[in-house]
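Trainee: Take a look at the letters that make up each chain.
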Amino acid sequence: MKVRITLFGALRDADSRGYIELDMPEQSTIAALREALQHHVHDHAPPISAGLVQRSAFASEHEILHNHRTVPEDGQIAILPPVSGG
Amino acid sequence: MTDIYTAVVDISHGPLDPTAALDFVSDPRFGGIATFIGRVRQHNLGRAVTGVSYDLFEPLALRMFQDIGERARAEVGGPLKLYIAHAKGDLRIGDLAVVVAAATPHRDEAFRACRLAIEAVKHEAPIWKKEHYVDGDSAWSEGCSLCEEHREAERQAVKQHGDAHGHGH
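Sequences listed follow chains A and B, in order. Note that the first sequence ends on residue 151 in my numbering; no numbers are left out. Note that the second sequence ends on residue 191 in my numbering; no numbers are left out.
Any given hint might turn out to be false.
Cross-link-like lysine to any residue pairs, in silico, SDA-like; alpha carbons within 25 angstroms at most [to be verified]:
#	chain 1	residue 1	chain 2	residue 2
1	B	K144	B	H35
2	B	K152	B	G111
3	B	K144	B	L84
4	B	K110	A	R82
5	B	K181	B	R93
6	A	K67	B	E80
7	B	K152	A	Q103
8	B	K144	B	A161
9	B	K152	A	K67
10	B	K152	A	R77
11	B	K110	A	H127
Simulated from the structure, these hints should not be mistaken for lab results.
Kindly generate the complete structure, drawing on both the sequences and the hints.
Mentor: Here it is as structure tokens:
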């Protein structure tokens with residue numbers, strides 16, 4: 066399945082379009098998506114540190130999705146680097 | 023729930039409005055109102071700042087503000103009105119970044135609810151700040167990880183070092 070990962074904060078610098086699309090097997094876990102994204106960022110956006118993807122959370126519009134969860138069926142997901150509001 | 027108001031305000035359409043926050047939480051049942059107003063300051067970590075830009079994942083941020091409101095209600099264990107609004111876009115020095123107002127029958131619950139809400143907004147909501155400096159450089163602020171493994175690591179670090187939080191914000 067095609068997964069569109071919307072980028073925020075410092076991770077926006079990973080792709081000027083504001084998102085990254087990856088092909089993932091159906092029912093992939095968030096942990097697997099994280100690993101695939103780390104490889105993608107390593108190859109396509111080397112200035113972004115691997116640690117930043119590690120420290121980021123994934124989320125739908127409704128909730129944070131931790132590593133054991135599966136990627137949403139609609140293939141829409143966001144990656145949230147460490148937050149700094151207020 | 024009509025006792026909790028949440029908003030993300032695009033600063034290009036107008037500033038945050040503390041008067042609207044006070045109007046919203048005002049209620050004949052309540053004798054105490056606590057407010058927190060966060061403004062863009064001139065310096066951070068020794069560097070002169072000319073402005074900041076806020077990026078938000080808006081639908082999730084609004085859900086989280088609502089959840090934070092429910093937690094504040096559980097914390098005070100009684101009637102509460104709460105207003106949470108955060109700015110989005112490009113802000114200058116002195117512009118309002120966040121407004122929280124909490125109203126309850128007495129001051130103690132109002133202070134506690136307001137404190138809980140602003141701390142949660144800063145540490146948990148999907149909001150990112152980019153600072154712009156006098157020399158033309160800019161940088162995303164270091165923040166709090168929302169990833170469960172890293173949150174646990176940060177909690178352990180706080181325990182070991184005994185400070186109130188793992189880093190200075």
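Trainee: If a hint holds in the structure, say so; if it does not, say that too.
Mentor: Tested hints:
no.	hint	in the structure
1	K144/B / H35/B	holds, 23 angstroms
2	K152/B / G111/B	holds, 10 angstroms
3	K144/B / L84/B	holds, 14 angstroms
4	K110/B / R82/A	holds, 19 angstroms
5	K181/B / R93/B	holds, 24 angstroms
6	K67/A / E80/B	holds, 23 angstroms
7	K152/B / Q103/A	holds, 23 angstroms
8	K144/B / A161/B	holds, 18 angstroms
9	K152/B / K67/A	violated, 30 angstroms
10	K152/B / R77/A	holds, 12 angstroms
11	K110/B / H127/A	holds, 20 angstroms
The structure shown violates just one earlier hint, number 9.
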